[in-house]
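Please construct the entire structure, taking both the sequences and the accompanying hints into account.
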Amino acid sequence: MQPEHDRDCEALKCWCDWGKDRSATFFQSIEWAETVAAHFPGYSPAPLRIGNCLIPLMRFHRWGWLSDSLYGLPFMTPGGILCRSEPSLAEWEACFEALNNLQIGSLAVVFPFGTEIPETLMGSIELHATHVIDLQEGWDSAWKHYTQKGRTSTRKAENLGVEVVQSKQADSLKEHWKIIQSCEEIWKPDPKPTHEFVQDLLKLAAARLYLAMFEGEVKASVLAFFHTREVFFWQGARKSEGCPHGIVNLLYTRVLQDACRESIPYANLGGSLGMEDLVRFKESFGARAFPVPIFKRKHSLLKMIGRGPARRSS
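Terminal number for the sequence shown in our numbering: 326, no gaps in between.
Just so you know, the hints here were simulated from the structure itself, not pulled from any lab data.
Just so you know, not all the hints are guaranteed correct.
Quick list of the computed label-pair ranges, beta carbon to beta carbon [stated by the list, open to error]:
| no. | residue 1 | residue 2 | range |
| --- | --- | --- | --- |
| 1 | N64 | P203 | 30 to 36 Å |
| 2 | T127 | E274 | 20 to 26 Å |
| 3 | E253 | M134 | 42 to 48 Å |
| 4 | E170 | G283 | 26 to 32 Å |
Think of the CB as a built atom: it goes at the ideal place given N, C-alpha and C, for glycine as much as any other residue.
Structure follows, in structure tokens:
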């Protein structure tokens, strides 16, 4: 990764440093961006330094600037803004002005949940949602916030003999990958993760793979990223057949218990794509919907192309 200008070098160094101790989520780290770039041709880190703030971005190169896209960050993972301290209104305005002035075909910046964007800038924002579990008061409190159905399902899986293990072994990844591939058509990720990509992600300290075993066979799994502020449930699923009741409840519970032991304050279960069953599942853990601000911009020329030629009135 060889930046063309000193300014780019400075921004990348800033991303490396600030991503370690000022990030709100694992996805704001340079490790995430570099792993994406290593596996998906066309993507490269393109951070933007604005005074005391840094906007972690990745550029997807096509055939020219008008066709290129900037993401903060790919896979609809949160980027937002990294700052030395809480940004002032003037700093927020400077960042949004810089984003609006970028010569790029399209731009999408996903902010971490809980980001408080000044009201005067909300006109540029779309609000999506993620489900979050508050772990600040520890495991006992988190368990009390499960619904009755959630607690019953978790206990039932435990009583049936479901065992949850954590592993980074090649065989464990192979089992996880088989389960994930069976669900690709539901989520339709873009770009589509590869086995090699997930394999390299597992080499990162933040990544942990949990497997739910029943009668000696892996039935469900989840890949989570542990960060000082949150544990993010990034990629998980279960087999369509032969799964005992409550197996995913117990699987997620073990991740939450580990997060509580490490004093991680939040668990982020991600978006639900409007699937009501998935929303109810997340709510069974006591999760609540939180707004996720997304800044989107498309160049005016692309908008004109999308509309097609103007029609003459008859």
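Do the hints match the structure? See the list:
1. N64 x P203: 30 to 36 Å: holds, 32 Å
2. T127 x E274: 20 to 26 Å: holds, 23 Å
3. E253 x M134: 42 to 48 Å: Distance hint for E253, M134 holds at roughly 46 Å.
4. E170 x G283: 26 to 32 Å: holds, 28 Å
Checked against the numbered hints given earlier, this structure breaks none of them.
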